[in-house]
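Following the hints, position chain B against chain A.
Residues per chain are reported as follows:
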Amino acid sequence: MNKILLIIKREYLSRVKKKSFIIMTILGPLLMAGIMVVPIWLSMQKPDRQNIEVIDESYLFKGLIPEKAFIHFDYPEVTFEQAQEGFYDTDYDAILYIPHNILEGGKTLKLFYKKQLGIATEEYVDNTISKMMNDVLLTKNKVDLSIIREAAEHSKIIVITEELESTGKSKKTNTGLYMAIGLGGGILIYMFIFLYGVQVMRGVMEEKTNRIVEVILSSVKPFQLMMGKIIGVALVGLTQFLLWVILTTTLYGVASVTILKNVEMKQIQQNEEVVKVGADLNYTKMKKIQEPNIISKVFDDFKNVDILTITFCFLFYFLAGYLMYAALFAAVGSAVDNEADTQQFMVPITIPLVLSFLVAQNVIQDPQSTMAFWFSIVPLTSPIVMMVRLPFGVPFWEVALSMSLLVVGFVFTTWLAARIYRTGILLYGKKVTWRELGKWLFYKG
Amino acid sequence: MQNILSVKNVIKRYATHIALNDVSLEIPSQSIFGLLGPNGAGKTSLIRIINQITGPDSGELFFEGEKLCQKHIEQIGYLPEERGLYKKMEVGEQALYLAQLKGMKKAEAKQKLKFWFEKFEIDAWWNKKVEELSKGMQQKVQFIVTVLHEPKLLILDEPFSGFDPINANIIKNEILYLKEQGSTILFSTHNMGSVEELCDNIALINKSRKILDGSVKEIRKQYKSNTFELEFTGNVMGFTNAMWAGAELLDHKTDGDFNKVLLKLKGKTTSNELLQAVLPVANIQSFKEIVPSMNDIFISKVNAENPVHIHSGISE
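These protein sequences, in sequence, are chains A and B. If you read the first sequence in the numbering used here, its first letter stands for residue 1, the second for the next number, and so on. If you read the second sequence in the numbering used here, its first letter stands for residue 1, the second for the next number, and so on.
Chain A extracted, bound-state conformation:
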């Protein structure tokens, strides 16, 4: 037992001290924080303000089209032809041409531009004008707009999903949040198994090709060496993961205090602007103002998720899944002499992993389907698929069954791998076939 600790210590320290580990540990959170912060920062950047010259032959919209921070409308007293001719002498970015028969079925508006306008401008014009036309047509037919607005206001609903348990208690749910937690956890497990599984395989191959393995095996049993490596690498993975979580939250915290604070201020200002501009027409107000509500709703829902249980299950599937696959990776490493030969043996390990990742994306749509059930029970796919299902609520017996089978699974793969390992590790210069691997299982120690 003492010796396995020595091996774990060496495997752990030799990896943690590597430059690549330190670099990855620092770069990872920077990338993560970047992924979170950059889109917000980008959205903060004001798009160039577009000046649009409106030629309104219908005289319906003059001076009425609501403006936004990035769009401004002018209504010069010129004909369409004049505007077209003089377009390049003005500093307008586009001409919006509204034909006189727009209400009588002339459905086409035209936007002429010098440089491509961008989807936002186009959509804004489209949505705004059609909404305005709608109002105009309704008014024309003597419909009271205030009734419609009121109706629209009152018919706005938010769907709150709650799980009603057999005990009669109800629980608020938020499908989007569950998807995020489940898929996020699943992806992490998938990455962890792959990244560190391959590290185990490389480590085994290194010992084999370095020819140090025979020296070590004269002191310890092959199983001790294999398990020491697997556990050592797992600890490296956990360390890196933990450091990432700490660094990412710190970075995110720092970023939100400095950069994001500005964002919130700006957003509030923008909202006020929108409210002011849209006051008469009230087109864009609703959406913007809702947003803070959604965010606070997510935080509320987060409190409803059973964080403790999910964290425990995540750690369990994270480790047990890794242990199961790492043993197989170790077996592959022991059976080959160089990286190129690993391919043929890697495929059967990779298939269930990739498959469970694909299934996970399906399971997220319907977490209680039969497929979801079976894939979350079978040990090779359960670490990822069950993780995805967990936030949606899974009956206790299913989780218990899946966990027990996973333990059985990893004991079995470790046994299997150990038998291949102890033979393969001492065999040099031979290309191994599947048949031979099979035979190794039955050799006497």
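No lab work stands behind these hints, which were simulated from the structure alone. One should not assume that every hint holds.
Said to hold, decoys possible - Short derived list, chain A residues pointing at chain B, Cβ under 7 Å:
1) L6
2) R10
3) N210
4) R211
5) I212
6) E214
7) L217
8) S218
9) S219
10) V220
11) R435
12) K439
Yeah, the Cβ is synthetic: ideal placement off N, Cα and C, and Gly gets one too.
Chain B alone, transformed into the frame defined by chain A:
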């Protein structure tokens, strides 16, 4: 004296061939034992079984009379033929790690390592990575790690392969020194010169069977063919007439008056009788018995076993 290691009727099979077929050995304490045999004979398989890296299919091993088990690992030091170190690890750290795996306490290992590193003049390399060391220096480190825990039994698989003559000599002296200190050394080799020089006992393995074992002196005596080399000045005709029926002339070289002959004594003739017979006709300059070298014995034994085809080098 008690034997440090007894190997009794060991059989080891692999899928396609038998590596060891009913092999038994007795290795006396405080001696140097040579394990000889062509490539693929089963030497490494046997050594791995003694090191408990693999187990025998049947047969038993005894270490100082006790059944060989896990606790004996700490009494055995092993330098494999294919030897290596972690390239990215520092020399001292690595030596400490390997010593601790053999059950040494860290402080004790450190103190002993310092002593050996100074002895081999590599103490300046303690903090260097292994990949920065020359091959010779790596071999020194490997040797130190093998002997550091003062094993009772030291197993060296082809210890001289890959060493330059200077390092080989250092190792040779260390082996002799360790034997004096009470260790038993088991080594496998192809180098017959080193066998004659170092070994007290040998065993010859061919095609997974032991075909010869015993003390080097005894074996060579046993394989003596009563052949003598004699140098003299005088007449060859007179010489052959004089020795007459007592010996057979195998070969002779004549350079003017000087002759060198190779004779085989016949029947019960002793060397003294032969000398008396030829003294009147020859002026003898040297006379010595030709004792077969281990190399000759090795080749003749192995060839007798594999008479037709040349042995193919199946890897062990």
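Exercise. Can the hint on K439 (chain A) be confirmed by a CB-to-CB distance to chain B that is less than 7 Å?
Worked result: This interface hint holds because 5 Å falls under the 7 Å limit.
Problem set entry | Per-residue hint verdict: R10 (chain A), partner chain B, C-beta under 7 Å | holds (6 Å)
For this session: Under 7 Å, Cβ to Cβ, is where R211 (chain A) needs to be relative to chain B, so tell me if that hint holds or is violated.
Result: holds (3 Å)
Exercise. Can I212 (chain A) be said to touch chain B, with a Cβ gap under 7 Å?
Worked result: With a minimum Cβ separation of about 4 Å from chain B (threshold 7 Å), the hint on I212 (chain A) holds.
Problem set entry | Interface hint for L6 (chain A), Cβ within 7 Å of any Cβ on chain B | holds (5 Å)
Problem set entry | Hinted contact R435 (chain A) with chain B - closest CB pair below 7 Å | violated (9 Å)
Problem set entry | chain B contact restraint for S218 (chain A) - C-beta distance below 7 Å | It holds, given that the least Cβ distance between S218 (chain A) and chain B is near 4 Å, below 7 Å.
Problem set entry | Status of the hint placing L217 (chain A) at chain B (closest C-beta pair under 7 Å) | holds (5 Å)
For this session: Double-check N210 (chain A) for me: the hint is only fine if its C-beta lies closer than 7 Å to a C-beta in chain B.
Result: OK, holds: N210 (chain A) within 7 Å of chain B, min 4 Å.
Problem set entry | Interface hint compliance - S219 (chain A) to chain B, C-beta minimum distance less than 7 Å | holds (4 Å)
Problem set entry | Minimum beta-carbon distance criterion (7 Å), V220 (chain A) to chain B | With Cβ-Cβ at 6 Å, under 7 Å, it holds.
Exercise. Holds or violated: E214 (chain A) as interface residue toward chain B, Cβ cutoff 7 Å?
Worked result: Check passed: Cβ of E214 (chain A) comes within 4 Å of chain B, closer than 7 Å.
Violated hint: 11 only; the structure is consistent with all others.
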